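From first to last, the protein sequence lines stand for chains X and L. Using the working numbering, the final residue of the first sequence is 356, and nothing's skipped along the way. Using the working numbering, the final residue of the second sequence is 715, and nothing's skipped along the way.
Calculated directly from the structure, the hints in this document are not laboratory data. Bear in mind the structure is a predicted one, so any value in this text is a computation, not a measurement.
Output of the computed footprint for chain L on chain X, the stretches with three or more beta carbons under 8 Å from beta carbons of chain L: (1) 49 to 63; (2) 248 to 255; (3) 278 to 287; (4) 290 to 302; (5) 310 to 318.
To give a feel for the contact side, a few chain L residues facing chain X, derived at Cβ under 8 Å: (6) 607; (7) 640; (8) 669.
All C-beta atoms, glycine included, are put in the ideal place defined by N, C-alpha and C.
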Amino acid sequence: MNKLNKTYEPFLFLYITNQCQLNCKHCYMGKRLQNGQVMSIRYIRKILKFMRVLYGHYRVYLLGGEPTLHPELDRVLKICKEEKYLVVLTSNGLISQNTWDKILPRYIDSLSFSLDGASRESHEFLRGEDTFQPLIENIQEACKRKFKTRLICTITKKNVKEVPRIIKLASDLQVGLLSFHYFTPTGRGSHYSTLQLSNKEWLKFVRDLKDCVSKIQINDRLKIYYPPAFVSKKELPLIEMAGYKGCPARNLERLAIFPNGKCYICSAFLDQNVSFGQINNRGFSINKTDSNELNIINRMSLKCGKCSHAYICNGGCAAYNYFGYGVSTNKCGGELIPICPLWTTSVNDKTQAVLR
Amino acid sequence: MKPVYKNIKERFLFLYITGACNLRCKHCYLGNKKLNQAQELSLVEIESILDYFKVTSGHDKLYLIGGEPTMHSQLDKVINMGINKGYSITISTNGLFEKKLFNILTPRKIVSLNISLDSWIPEEFQEIRSASQKDFYKIIDNIKLAVNHGLQVRIMCTISSLNSESALGMIEFLEKLGVHILSFHNLGMTGNAVRFLKPLSPLEWMNFCNAIEKSTPTDKMAVYYPPTFIRKEDIKKYIERGYPGCPGRSLDRPHVLPNGRIYFCPLFMDYEIYGAKIKKGIFSFSAKNNSELNLYYRPNNTCIKCDLNNLCLGGCPAYSYIRAYNNFYTCDKNIIPLCILWTTYAWNKKPTASIHDFR
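Sequences are here, hints too, so could you generate the full structure?
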């Protein structure tokens, strides 16, 4: 194994507005959603330029809040293209007719929707009333308008049983990608930590998912991704083969930036007071306290130095250690091994090309 | 054009196992002050550092440097420890070690033996290294012995205005000695170099690189050099060859000094602006206003306004933030900067042996 063959995937997560119509139970944004801050056009352009110069960033995820609520969304999209970025926009699906007229497929390389259940009941349990039907209609609208359309589904105890139906729904809607996410109780989600699957339940979800995809008839176009989050010793070489590269935060590959200029390197910490730094007029200034994210994610359990597969898991996930969920490296016995919960791999896309 | 982020990152760990050195070379980027402290990294510290980078970042190529690394009191144990932890090891020496050291530096253990030699003319050598002619011949003897022992021998030759005129003579001289690789380095403005030597100006450096390319190619030895300043139309060629941009910004190449301070680029070593520290396996970043990291993440205004779509990847932060480089180079969007440490092969002869990845 030669980690020297490592290349990076420099993605920029730009939270262009803190405004949102919803108050989802599992939202990782936390209190900042209440302040309604919006990222100015000038600021967005500056960040895009900074990252392009400093790191060669080329792909921006427009997030929020609800990014389609940005008062100058059309200009934001145009600027992203002027600065030569690929654009992924993630919406809760409450897109007004007025907004549809502002966004065009040539400005958005991929349009993602958050879908948290196959039924109105489970989706709205997390996202609130009257959110399911408009979402479904807007997914259809996006497909009709020839957007590359994707779905994101965060797995909780509430919707895990619906996984086969969610896959069926994604297939029927004719979207290109369904990406499952691992729920971590942070932000508002910290009040609903009981929704998080236990390690055992998560492993069962992964097993069932693979089983289900092999059995049910789905649309050829639909590619399904999931984050393994932690794996058995036996599966570790498969993860390596699928391209797992360890914690992306350690090389500052994936910066998340908020309207107030705060910048994070791992989304698990977005609701913590541990940011990496702050954007200012000259570039970044790194957070001066010891609780800088960089220090947190670079803490290694001394046990890992003696472990024979540390070179694949790269010392696990610092967020697991910090928050005490998943598999902490301090408690890792080398049987169930922690990997980055944000890293996804495909069930039915051998080339793994859709996300890469 | 191939996107730069697709280029493989060179994850080398540079471990300064001792500050002690038997020479005080004019081009030493560490500088006499650090050499005089002669601090040594203990085996316990070395173990935790090797573990840390191996686990967290997958580093597996280790440069043992100093000072003079062969002066570490437990060199044998350091090398064995590195091997046991899965590192490939290269050692960078001034070549003034005793013959018995070849019992430790064997081809089985050392992937490449790097020896610094800055001139083939004894008098010029003396001037650069503040050493004697006897020392020169001792180094030459050790180079021959290393070749005879079956080691891969790489000579590092740092170019300043003092030795640039004679430098191309190194090719023939070293080829005859059976050396495998010659790497020219471009003098950085750090340590002793700031006080005693002058680097070539960007244009002079470009002429020097041209002269290498125009020299007679040899099949027996690979020659590498850092382009450092290039014409903008040539960037594509270098990106195809694997130029990965500034390795400091992605923290790929940590230089760990004997006091546990980590610099992500050696050009910044003269200042108290180290990027991080490591002590007992605990890694902590430095967040002072002018820490290395803060400087790397401060894009140059010229670059932000540049219309070349970031061809050079934001260049090298040292020209903007290192005092010694004041008025040395300003980008005119025609001659653009690459990382001074990134080298490429001469004469379009790409060496095929994988050993050359380790240089």
